[in-house]
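A.B. asks: The primary structure of each chain is shown beneath.
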Amino acid sequence: MKQLALVIDLNVCVGCHACVTSCKEWNTSGTAGFMSDFNPYGEDPTGTFFNRVQTFEVGEFPNTQTVHFPKSCLHCEEPPCVPVCPTGASYKREEDGIVLVDYDKCIGCKYCTWACPYGARELDENLKVMKKCTLCVDRIYDESLPEDRRKPACVLACPTNARLFGDVNDSESVVSNSIRENGGYQLMPEWGTKPANHYLPRRKTSITIHADELTRIDNPLKKEQLPLPDDDEQTLDDIMSW
Amino acid sequence: MSKPLHDPISNAADDAGTIETKNTTCYMCACRCGITVTLRDGEIRYIEGNPDHPLNKGVICAKGASGIMKQYSPGRLTQPLMRKKGSDRGAGKFEVVSWDKAFSLLETRLADIRHTDPKKFALFTGRDQMQALTGLFAKQFGTPNYSAHGGFCSVNMAAGMIYTFGGSFWEFGGPDLERSKLFVMIGTAEDHHSNPMKIALSKFKRQGGKFIAINPVRSGYAAIADEWIPIKPGTDGALFLALINEIIKQGLYDRDFLVKYSNAAELVNMDEDSSENGMFVRFEVPKEEGCFDAQNKLWWDRHLNKPISMHTPGTDPYLLGEFTLDDGTVVKPAFQLLVDRVQEYTAEWAADTTGIPVETIRRLAYEMGITARDEKIELPIAWTDTWGNEHDRITGNPVSFHAMRGLAAHSNGFQSIRGLSILMSILGTIDRPGGFRHKAPFPRPIPPCAKPPTGPECVQPDTPLDGMPLGWPADPDDLFVDDEGEPVRIDKAFSWEHPLAVHGLMHNVITNAWRGDPYKIDTLMIFMANMAWNSSMNTSEVRKMLNDKDDNGEYKIPFIVVCDAFESEMVSYGDLILPDTTYLERHDVMSMLDRPISEFDGPVDSVRIPVVPPTGECKPFQEVLIELGSRLKLPAFVNDDGSRKFRDYPDFIVNYETAPGSGIGFLAGWRGKGGEKFMKGEPNPKQWEMYENNNCVFHYELPKSYQYMRNWNQGYLEWAKRHSLTRYAEPINIHIYSEVLQKFRLAAQGKSFGKQPPDRHRDRIDEHFDPLPFYSEPLETLSTDLRKYPLNAITQRPMAMYHSWDSQNAWLRQIHTHNYLHVNPVTARAANIEDGAWMWVESMHGKVRCMCRYSEAVEPGTVWTWNAIGKASGTWGLSDKANESKKGFLLNHLISEELPANKDGDVLSNSDPVTGQAGWYDVRVSIRPAEAGEPEVTYPQFDKPAKLPKQATRFKATRWLKYFAGGKKS
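Quick mapping for you: the protein sequence lines, in order, are chains A and B. For the first sequence, position 60 (counting from the first letter as 1) is numbered 60 according to my numbering, and the numbering increases by one without interruption. Quick note: to get my numbering, add 242 to the position in the second sequence (first position is 1).
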């Protein structure tokens, strides 16, 4: 069964937040919008975002890793947010596996927030309905857009191409391939939620230096040997007569 | 009937409303990506990257995708304003005036200045990308007092590299990550530059290249580095010198490249008594005309064992040794002098200075040298060099670098960057695949041909300036000084204080004008630069200077004009405020005459076209300048009969030529009557249309054989000359040894015959104009009690705010609402400061109260924060309680624009003595916890300015923002 998802490559994510605001600008005027902001120009502004980047440090100086970690709804194959919803507002689409919320049915009871182990849901404090990533469902099937632009806004925006999009149940898809080849993993698989979104870990490249690479016959310093002395300079050969 | 809140399977095309899309160029930072703006019912639906644009190839960043919130921000200025009579500057009491009144007032004032003493008008601009026009206006007006923000940004990077290999990072060149194998990023973390760097870095990593980040802080790009090497701020030069030492010692330099393409083999006169001491020996000495390196130097041939003219076919010169010419003159190849110089800069020495372990320094040197030598790239591209040798391939050594303000913003930055440039050169990586590559119009001669004026006589009433306001001195005689050797410019650029101040010293303008040193000015016009806040060093004092009056009750800076799109902290200090448009509301050009967006493969320029109408009374600053130029009858803006020449800015862009019939204008694409020419050609009335139909961008891809080795590529250099990019098709040899610097040094030593420095500057010039890079501690460090202020303090811009001044932006400000001081836990605990606690950070210039954030990603001797997140209360359309002003802070209060008086009592700019680059990152600080009971608010706080008269902005600072473009409204 088709399962659309994002694969996020932490090896190249620089934490620029392009995915965060491109998501917001697409969705605030899309079918999931508006995405309200409280105190937009005042104290402690806070608004609805479907996608956020968390940055954290791992390890102690100087062995520190700085990790930028974009996080949105993971479109679980077994989404715990769906069965807890008392009104049926939370549902998973059969045709592509996207988990959505029908705002018309949502009563803002927040059961789904408690059920979601990933903290991916946000209550729109203005409309008092639950909102979350739709994988830009109103964009990816929109035939008025050129075919190569029918992708989630965050995927199109990402300057490091750290966000891959496709069907994780199609073993030949780019996303499946990248998961297989690069050690892609799911968040907290022990919860049994089978999140569709995957992450690719940091991969390191190093250079090995072999000792013989420093002692080469073509060392250019050899060309700098000074010229032979003039022929008329005295030598032992001139003065030793036995 | 109420509409459904949400129909998740509805299709965007079903949304009500009229959809339009327009292509233009982003300006949320200075990268200038191509964007496609979709409007619904005339409102911005979304902004995305244009997939057909060469710069960003369809991607966009956090700022670019937040352009909607810039466009509709309540912080916008939408009407011309005049300070109310009797109110103080900074109080923000304004009344609305008409543009007619604003223009006539300016016309009268500026005409009078121009008629009497044009230098009393000063025009300084920020990150405007409009320098071709603003510079033209200043020159036509006749004032030398003009520059943009480069002096306080990264001029050391431009100057250090251009004076070494004729090009520089970012707009003018960069790392060829497509083919590189080892990439070293130093002194760059989150910015400079944005999307093109991100795109390239990701591809590079996926291709298996090794990425090393050298930086006191690990954030942003450095986060994904394969190796992070923490370094003490300001010691980068020490690292480069040690790397050069190790690489030469191991024979890992590209000898062939250095011999053919640099001055490494050229013989330097070692006779200390000679006026030619330290100069290259010439085999013929006709006067050297033109700004290029005459090919008249000597090599010492290895086979013949005698001097021979450089580039004699079949010769192979020594790079090392000491030789005696027939006339007894002792000479050494420049490379020998470099080797002599780096002798003392061992890895052990550098380890102590930089904090990088000695084995890491050695390994770095080996990784660079071995990768360069053993991973050589060969491209099957034939080319011909300027000496007529034909080559059947292009070779490259795939080691590349990128650096920016972390190196530049130190007072020793110029020589550090000379060190980096030489490191890149000895590895043989200049304009070759996998290394550094130029972008048109670079490479240019070393230094480029444009020169500043040469004396006070170049400034005359009612006359354009004789010389370029900014240029590239090649010789002390190019300095802009009076008969006593004293400065003519208000910022003292091109004087003996900062001879190679090629971008000016904007950071000293207000202090100098306030003090009347070297003279008083009348009108200061500031465009898009926040000099009352984050763009000034010593912010608190500068704000006082702006409002200071003399004994007669007159302002020390009599008239201040501020042009900006937003209510920045500077606005309340203006006497006349001109509301600029946003980037989405105007025509604009990314001109080849300024800083275009060229690619490695050829010249690129681009335009902006308006996608929405101007808000309120906003007028593009470009139109302001055209209007003023016409009213003041500046020659470039009027016909012979004095009538207005250009209808408006778009008309100016099409029809202006740099000289009558020159065929060179602001835009390079679609020139000629029907758009059939490029770079050079008659004006084309349909030029704008043609840009608009081509994604707003013109891109000429050079033939492959012209894309590399351009300093010495005959085909390219002749092409560049034919298309008027350069005056000469002469080779541009790398200056391993800088004779240009030596000329200044000879003057300081009293050994030359041209302009001489005042005695008080001789030692400083002698020390810093060293023709070879050297390491010295930053000037401020030398005058600081390091026992009292042991820590380095630096700033950087976060990616989501890079260059964008976007605290007025409802979405971006949620990402960075306030800043912390990031401190290594070891350092913080030693000072008894808890994570998240209030603390004081103090320098010898001032103190700031802020909040502490523990970080393992900063070396323990350094503290840092995000720059320009902190704002003054009551600005940028934010409420008085906004976190930016209550929890956010500026480090600028700790940083002085001037050094403590020297032993002669002279007060000099806190800048690099060579270039005048502001030494932002030289400040030393101490930290301590805030006392219990202190207010939990940052210090200093400032009185908030009065509310501006009502502006015609879309949003008000209400509790809820519910943006939905056009179409259905709930």
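Worth flagging that the hints you see were computed from the coordinates, not collected in a lab. Certain hints may be false.
As the list claims (entries may be wrong) - Under the rule of at most 16 Å between Cα atoms (straight-line distance), these lysine to aspartate or glutamate pairs were calculated in the EDC-like manner:
| hint | chain 1 | residue 1 | chain 2 | residue 2 |
| --- | --- | --- | --- | --- |
| 1 | A | K223 | B | D468 |
| 2 | B | K574 | A | E224 |
| 3 | B | K548 | A | D96 |
| 4 | A | K204 | B | D498 |
| 5 | B | K548 | A | D230 |
Said to hold, decoys possible - If you want the footprint, here are the derived chain B segments under chain A, 3+ residues with CB under 8 Å:
| hint | stretch |
| --- | --- |
| 6 | 290–296 |
| 7 | 334–341 |
| 8 | 686–693 |
| 9 | 1051–1065 |
None of the values given here were measured: they were computed from a predicted structure. A virtual CB, placed ideally from N, CA and C, is assigned to each residue, including glycine.
A.B. asks: Are the hints correct? Go through all of them and say.
C.D. replies: Here is how each hint holds up against the structure:
For the given pair, A/K223 sits about 36 Å from B/D468 by alpha-carbon distance, which is inconsistent with the 16 Å threshold. The hinted pair formed by B/K574 and A/E224 meets the criterion: a straight-line CA distance of about 13 Å does not exceed 16 Å. Taken as a hint, the B/K548 and A/D96 pair is broken in the structure, with Cα atoms around 79 Å apart against an allowance of 16 Å. The straight-line distance between the Cα atoms of A/K204 and B/D498 is roughly 33 Å, outside the 16 Å bound, and the hint therefore fails.
The straight-line distance between the Cα atoms of B/K548 and A/D230 is roughly 12 Å, inside the 16 Å bound, and the hint therefore holds. Taking a C-beta to C-beta cut-off of 8 Å, the stretch 290–296 of chain B contributes 3 residues in contact with chain A, enough for the three needed, and the coverage statement holds. Counting residues of the stretch 334–341 of chain B whose CB lies closer than 8 Å to any CB of chain A gives 0, so the stated coverage by that chain is violated, three being the minimum. With 0 residues carrying a beta carbon less than 8 Å from a beta carbon of chain A, the stretch 686–693 of chain B misses the three-residue requirement, and the given coverage is violated.
Chain A is given as covering the stretch 1051–1065 of chain B, and this holds because 7 residues of the stretch bring a CB closer than 8 Å to a CB of that chain, at least three being needed.
Of the hints listed earlier, those the structure fails to meet are numbers 1, 3, 4, 7 and 8, in rising order.
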